[in-house]
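Model the full assembly from the supplied sequences, consistent with the hints where possible.
1174 is the number of the first residue of the sequence shown in the numbering used here; add one for each residue after it.
Among the clues, some could well be false.
Listed next, the in silico SDA-like pairs over lysine to any residue satisfying Cα-Cα at most 20 Å (straight line) [stated by the list, open to error]: (1) K1177 - E1211; (2) K1176 - S1196; (3) K1182 - I1195; (4) K1182 - L1220; (5) K1176 - G1194; (6) K1177 - V1208; (7) K1225 - V1198; (8) K1176 - R1226; (9) K1182 - I1197; (10) K1176 - I1195; (11) K1214 - S1188; (12) K1182 - Y1213; (13) K1214 - L1180; (14) K1177 - K1214; (15) K1177 - I1207; (16) K1214 - V1186; (17) K1182 - R1226; (18) K1214 - V1224; (19) K1182 - G1194; (20) K1177 - N1210; (21) K1225 - L1190; (22) K1214 - R1226; (23) K1182 - R1202; (24) K1225 - Y1213; (25) K1182 - E1211; (26) K1177 - G1194.
It is worth saying that the hints were derived from the structure and are not from the lab.
For clarity, every value in this text was computed on a predicted model and none was experimentally measured.
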Amino acid sequence: MNKKIILSKFARVLSNLLSSGISIVESLRIVSDIVGNEVYKQRILLLREDVKR
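So, in structure tokens, the structure goes:
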């Protein structure tokens, strides 16, 4: 998938989840499953762990 498409999807879905009142930690978990790219998924999960600390 194209980098711009992945980042656009990430931003759109994350924004919608946060606007719905879902926590940032849970939102990042959900987004990691949706991005459709294993490299980005792993980076998002690492970010999630950093946010949890």
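> Tell me, which hint numbers fail for this structure?
Replying inline: 2, 5, 8, 10, 17, 26
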